[in-house]
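**Q** Read off the chains here:
Protein chains: 2
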Amino acid sequence: MSISSTVPTMNARDMEFQLFEVLGVEGLTDRPDYAEHDAISLRATLDVARQIAADKFQTHYREADLSEPVLENGKVRLLPQVKEALDAFCEAGFMNADRPLDEGGMSLPFSVYQACLACFQAANVGTSSYNFLTFSGANVIRSFGTEDQKRLYMNPMLEGRFLGTMCLSEPQAGSGLADIRTRAVPQADGSYLLKGSKMWISAGHHELSENIVHLVLARIDGAPPGTRGISLFIVPRRRVEDDGGAGGVTGQDNDISVVGLNHKMGYRATVNALLNFGENDACRAELLGEPNKGLSHMFFMMNEARISVGVGAAMLGVAGHLYSREYALTRHQGRHPGAKDPALPPVPIIEHADVRRMLLTQKSYAEGALALCLYAATLVDDMRTAETGAAREHASLLLEFLTPIVKSWPSEFCLEANKLAIQVLGGYGYTRDYPVEQFYRDNRLNMIHEGTNGIQAVDLVGRKIRLKDGAALEAVLSEIEAEIGAGHGTRTAGHARQLERAIGDVRACSNALRQLDDDMRLQTANAPYYLDMLGHVIVAWMWLRQARVAAAALTAGVSEAEESFYEGKLAACRYFFEYELGRTEHWGRILTSQNDLFLRVHSDWC
Amino acid sequence: MSISSTVPTMNARDMEFQLFEVLGVEGLTDRPDYAEHDAISLRATLDVARQIAADKFQTHYREADLSEPVLENGKVRLLPQVKEALDAFCEAGFMNADRPLDEGGMSLPFSVYQACLACFQAANVGTSSYNFLTFSGANVIRSFGTEDQKRLYMNPMLEGRFLGTMCLSEPQAGSGLADIRTRAVPQADGSYLLKGSKMWISAGHHELSENIVHLVLARIDGAPPGTRGISLFIVPRRRVEDDGGAGGVTGQDNDISVVGLNHKMGYRATVNALLNFGENDACRAELLGEPNKGLSHMFFMMNEARISVGVGAAMLGVAGHLYSREYALTRHQGRHPGAKDPALPPVPIIEHADVRRMLLTQKSYAEGALALCLYAATLVDDMRTAETGAAREHASLLLEFLTPIVKSWPSEFCLEANKLAIQVLGGYGYTRDYPVEQFYRDNRLNMIHEGTNGIQAVDLVGRKIRLKDGAALEAVLSEIEAEIGAGHGTRTAGHARQLERAIGDVRACSNALRQLDDDMRLQTANAPYYLDMLGHVIVAWMWLRQARVAAAALTAGVSEAEESFYEGKLAACRYFFEYELGRTEHWGRILTSQNDLFLRVHSDWC
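Protein chains in written order, with numbering that gives the first Met the number 0: chain A, 0 to 605; chain B, 0 to 605.
Among the clues, some could well be false.
Put simply, identical chains are the same to the list, so a pair is met inside one copy or across any two.
DSS-like cross-link-like pairs, simulated, lysine-lysine; straight-line CA separation at most 30 Å [unchecked claim]: (1) K149 <-> K467; (2) K467 <-> K339; (3) K292 <-> K339.
Rather than coming from a laboratory, the hints here were simulated on the basis of the structure.
From just these sequences and the hints, can you work out the full model?
**A** Dropping the structure here:
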């Protein structure tokens with residue numbers, strides 16, 4: 000069936016609202032870096048992204064799930080539509096759209112670029128990832144590579160001729176990068192020979208491009224143990240020849256073999272492989288950046304990669320909400336409680352309180368998560384282009400603190416949203432004839448990759464709340480307090496007061512945690528609850544902003560269709576404050592109790 | 000890979016604990032109905048179930064998922080192992096084990112029978128369902144059928160020669176049974192001709208058995224509209240000849256055609272079909288029971304079917320807990336926070352607080368859910384065989400009230416448990432090489448079938464809390480209060496006091512809801528929160544019982560291995576009280592607020 004192709008997977012009106020009405024991205028075009036743009040050109044770029052996403056990505060979303068990548072005679076077979084989609088993405092300039100014009104980019108603000116990328120993730124998160132990995136890798140080379148490396152690797156990546164991967168995990172070391180074993184042996188010519196296995200390599204092997212550029216973490220022989228002895232390498236699938244110009248791919252394979260593909264629950268458009276480097280001692284690698292700085296080089300782009308995970312999770316949430324909403328409007332079944340006259344026709348199921356509950360929950364999670372991710376993206380814009388150094392530093396501090404939440408909250412709660420999307424469709428939702436079960440399966444990955452949510456929680460509690468001796472947390476809370484004081488009218492003032500109380504709880508919990516600075520095990524023992532609590536408070540803030548803008552628009556007077564849009568924003572905000580924010584009290588009690596249960600139990604009691 | 004076959008999917012020690020130490024099922028053998036049994040024979044029967052489940056069901060769990068049923072030339076192709084498993088189940092007597100010996104059964108208490116069935120569900124929930132549907136259908140025929148119907152249909156079903164289905168839903172009417180359209184036209188010979196489509200028919204078509212006995216809801220021409228005009232019919236796939244003896248299958252197909260199979264996200268061992276009855280006006284049906292009483296006849300076995308859904312969900316939770324626990328004990332990765340010396344070896348991940356959190360959460364959900372289901376099963380025993388009429392009625396009242404929770408709570412929270420099982424395995428958990436993602440996909444169905452959880456919530460709030468003017472609720476709360484007063488020592492007294500406060504909250508919320516008896520829409524608008532709240536209180540009760548028994552055993556003195564078992568019970572109980580029960584305060588505030596948000600919002604705001 001092609002049902003999945005007929006319902007939009009993103010809401011253009013909401014994207015317009017979030018970017019222009021809430022975040023005011025038009026104002027960014029006053030900055031010299033974005034001076035090429037105005038509101039019209041930003042909107043036009045978004046339209047192009049949306050159109051290509053609908054025409055080239057969404058159209059094979061289901062088929063790519065059904066036709067999982069297959070390894071045959073050492074080659075990975077993928078749907079031909081994947082390559083067509085990636086080519087269209089490149090041709091429209093989306094590999095590089097946030098770079099300046101003179102670097103071949105579009106000078107697009109990062110936030111608007113993220114919104115464009117969100118359209119592709121909403122349409123087909125699996126196919127999108129090939130190009131996403133490529134421009135992320137290219138960014139690392141731009142930051143740390145030599146001019147030759149940029150010419151020979153980065154440029155072909157940005158043209159889409161070479162695609163990229165990131166090779167961090169190993170079979171014995173997933174999240175524990177301190178224990179990676181891949182060896183790099185220095186050669187007389189300054190290059191290295193690599194030897195080792197890398198696991199979970201998305202886009203690790205395929206025939207989509209002339210070449211694949213692997214960015215690989217490995218240890219140079221003699222390097223210190225642990226994370227301080229890890230270096231980053233450029234490892235092309237096929238060796239590259241330096242002809243002094245654009246370079247080119249030689250026919251020579253670089254001794255990288257595919258041990259096998261991973262067969263995943265979802266995200267199947269993205270091939271995922273276990274790779275062996277240097278089985279025949281002939282895998283040439285180039286050091287990227289400084290020796291033993293590999294982790295920090297790789298993590299340089301991690302904040303942006305984590306925003307991207309958040310956006311992907313949010314957009315799957317949006318897609319599920321839109322699909323189940325459409326279903327609920329058109330499917331007739333049952334009657335209101337107490338109105339059981341069978342002579343009356345059944346009502347559209349959106350009339351049932353429980354279906355509305357499930358739709359508002361999805362909406363509040365998905366649009367709240369998207370608001371958070373786009374806000375984080377504007378912080379990247381400010382880091383890059385705000386007028387003063389102080390403003391750039393402030394944005395950097397906020398982003399540093401918020402990143403674990405931007406990655407985790409959408410992946411946790413938009414998965415929950417997708418669960419509800421299935422529930423709205425009932426038995427139909429459980430079948431593969433409708434897209435909601437695929438949204439759910441695809442979204443399940445987001446809690447795991449780019450640092451599991453458990454690791455994000457420890458990062459937040461063990462590092463971020465003590466960042467600059469607590470100044471990062473205070474900076475975030477001050478931003479929220481500024482919103483609370485931003486002049487709320489009758490429709491939002493109650494929510495603002497409620498958020499103010501929640502801020503007080505956050506401060507109390509944070510202080511309780513800071514008292515444990517000398518006992519890191521106890522300090523982080525309940526970290527996931529702090530992540531959830533702060534996440535809910537931050538998303539409540541996102542909803543309060545949206546509701547304030549929506550209420551102002553309604554006061555100013557709008558058309559009937561627009562009225563529904565803005566009332567929807569206020570309804571979702573009300574849902575979030577009246578049904579969700581109260582959960583933070585429970586999490587707060589756990590945190591202030593400093594419960595040590597998870598430390599005291601023996602392993603064999605669990 | 001056969002990884003999934005090597006880790007037990009159920010915990011025999013825990014089953015022993017729950018049945019014999021907590022529920023005291025040995026005492027049931029004092030009743031005349033179960034006098035054939037003693038503790039030894041009950042345990043032996045459980046062992047047989049566990050062994051067949053491990054040898055015949057678990058062994059093809061993954062393969063049945065990978066080899067989905069296929070419709071070819073009108074026939075459904077299934078793995079041959081499915082039939083072998085079902086035959087072994089029948090041969091061991093599990094189709095009929097809770098019936099008296101003189102009916103060919105084993106005189107097994109229902110609770111012990113459920114525990115046996117739980118072993119099969121834990122091992123392979125999809126393959127189990129063919130026989131489960133069959134004995135459920137046979138029970139309906141036993142209750143409402145004529146002697147001829149029992150001879151011609153029920154007996155072959157209990158022998159496993161005929162398999163059964165239940166045909167309720169139609170494509171246009173899933174949960175809304177008032178609107179079913181399948182017609183039954185009376186014939187001169189007393190039989191009926193059936194015409195209509197039935198959707199979501201599990202085990203609806205296959206070649207596993209000589210015949211399939213469909214129990215079909217339909218309207219006799221001229222019947223009143225709505226649920227009062229629905230009758231129940233026996234509709235064999237192949238017509239049956241009455242030779243005055245055991246009967247037999249004629250070669251004549253009964254005009255039932257398979258329109259197609261549903262391709263589900265999970266539960267794939269169970270074929271699921273859309274069937275057309277009477278396309279050629281030649282589908283013969285026999286009325287089962289009284290005309291227009293079809294719904295109540297069908298729902299006669301619904302309480303037991305809903306216990307079965309709860310058990311299935313609980314056992315998937317158990318299986319995920321056991322698997323991820325085994326993984327966490329053997330997988331080494333990372334070091335303790337603050338102990339970052341890379342020269343030290345990585346620790347088993349079960350050492351990490353977050354992994355323990357995820358394991359204890361799973362344990363508290365899965366074993367708590369199982370405790371609830373087995374308790375409900377003992378209520379069936381009491382309904383059937385308690386000495387006094389008053390005791391039988393009391394058990395019936397408790398079960399009637401608890402059924403929506405027994406069905407919903409395990410399906411909601413053990414799905415969450417399975418989500419955590421994946422998370423413990425990280426990337427591996429997301430692949431199909433490990434069974435946890437299949438547990439998660441299979442379990443997702445349980446929130447939907449046998450009445451969605453939303454419908455269970457409305458049943459609980461709209462009907463059950465006013466049952467006998469509130470006496471059913473009070474009966475349940477009194478049982479909990481009896482446990483609270485059951486003499487708790489230092490290790491559980493605090494939990495008992497906490498549960499007492501929660502009972503007070505339940506009473507307050509229930510009273511607030513009862514005030515809305517005249518406004519059923521508002522009364523049920525927040526029903527899912529009442530379901531969650533009461534569910535958590537009931538499961539806390541289940542944990543308090545278990546913890547009291549465990550604490551007493553520890554006081555009496557036990558072996559080291561046994562000490563770990565009982566300490567595990569106390570740890571999971573402590574987790575549930577200290578990390579879970581507090582959530583009821585949030586749900587309680589929503590309920591007492593009588594929030595009408597879901598009624599006031601317009602559909603196009605959602």
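**Q** Given a CA cutoff of 30 Å, do K292 and K339 count as a within-copy pair, a between-copy pair, both, or neither?
**A** between (70 Å within a copy, 18 Å between copies)
**Q** Measure nothing new, just compare the shortest in-copy and cross-copy C-alpha distances for K467 and K339 to 30 Å and report within, between, both or neither.
**A** between (63 Å within a copy, 22 Å between copies)
**Q** For K149 vs K467, is the C-alpha pair at or below 30 Å within one copy, between two copies, both, or neither?
**A** For K149 and K467, neither the intra-copy (35 Å) nor the inter-copy (78 Å) Cα distance is at most 30 Å.
Of the numbered hints given earlier, the model fails hint 1 alone.
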